[in-house]
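> Chain order of the listed sequences is X and A.
Mapping of the first sequence onto our numbering: residues 1 to 224, in sequence order.
Mapping of the second sequence onto our numbering: residues 1 to 144, in sequence order.
Don't take every hint at face value.
What the hints assert, rightly or not - Pairwise CB distance ranges (calculated):
1) A:Leu-128 / X:Leu-80: 27 to 35 Å
2) A:Ala-103 / X:Gly-204: 24 to 32 Å
3) A:Val-46 / X:Gly-159: 24 to 32 Å
4) A:Thr-76 / X:Gly-159: 53 to 61 Å
Stated by the list, open to error - To spell it out: a stretch of chain A is covered by chain X in this simulated footprint if at least three of its residues, at any positions, have a beta carbon under 8 Å from a beta carbon of chain X; those stretches are:
5) 2-11
6) 14-20
These are calculated hints, taken from the structure and not from any lab test.
Note that the structure is predicted; figures quoted are calculated from it, not measured.
Beta carbons are placed, not taken as given, at the ideal position from N, Cα and C, and that holds for glycine.
If you want the building blocks of each chain, they are given just below.
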Amino acid sequence: MAGMKRFYMGLAGIAVVGSGALWVTNRRAASIVPLGPIPMDAIVSGREFQGYVQGSDDAPVTIIEYADFQCPGCQAAWLLTVQDLKARLVTAGTVKFIFRDFPLEIHDKARQAHHAAACADEQGQFWPMHDTLFANQGQWSPSAGVAERIFRGYAETVGLNVEEYDACMAEGRYRGRIQASYEGGIQLGVSSTPTMIIGDQMFGGLTYDQLKRVVDSLVVEPTQ
Amino acid sequence: MIAATLSLIGVFVSVYLAMWKLGWMGIMACGTGSCQSVQLSPYAYVFGIPVAFLGVFGYLATLVLSLASLQPKFITDRRVTLGLIVVSGIGVAFTAYLSYLEAFVINAWCRWCLFSAAIIVGVFVSSLFGLRNQPNELSVGSPA
């Protein structure tokens, strides 16, 4: 009986140490939420940013996508259209693709997601972060109040210097730029996401085939 | 006793991974491994359920069974130990499948997964020894 008592005390000890380790780890998990009003001068200077660009400046067609990382339609567009667009038309030099932030007010974590991507861009990892955010939208979008911790995990996954990322997020360094992008979209008439601007035409979600037809209509020689 | 101790440790490992999955743990403590690559891969889910959650239930089951097998009323009843062998055996098979995915599909190793693999193998082996050493009703009831 004494042996069993020692055994149960040992188990209780493991339970206490394990629970304590979980609690401490949970407490240490940084909560980084850029809050508060955005200074006007940050928005004004943010207007200089033209978006995240992939492709050649010499490409005959420019496609601008206004998207929201938390929008399911944008995730579908990324999965079904944008990846093909990049693999075929951007790589071939036919299209210059520009992604612009358009975080909708109805999406509670969109601003943080766009800011995380902007901080990743600072370290040259916007596109891996962009892909990670869309690929894992189902994980972070419904999470209750912990999305910023998940984004921090993504930052590490895509190879960011996490200390620099933390500083960028804590400072809210790109809030003005994101707001400027949003306001720029509004001025162009963007009212929903995803919105694709191809040449001087504006579209909602397009399949790759639909998009390619539009691109083909704008170039002299049809694309592959 | 070994199976119960290992199961309890397994519970905490899988609870940690489950809490990380929920976004409650910040950056995963992983050293030089590729835990997040593994945990963020599509293979970290089975029928839409995160593997870490399955681990919590699995280890809780082996913990309950191993503690039950130590109770006086089950000391000669092999069914509980057999149940422990079945549950931990399923765990070992599932872990082997996950390790195969890490090695040949994901091409990344998660230290927590390897630690969990060692734990479930330990539970399984100790339960086999437990069954071998367990007195049955005839031997307990027969005269010396």
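> Looking back at the hints listed earlier, which ones does the structure fail to meet?
1, 2
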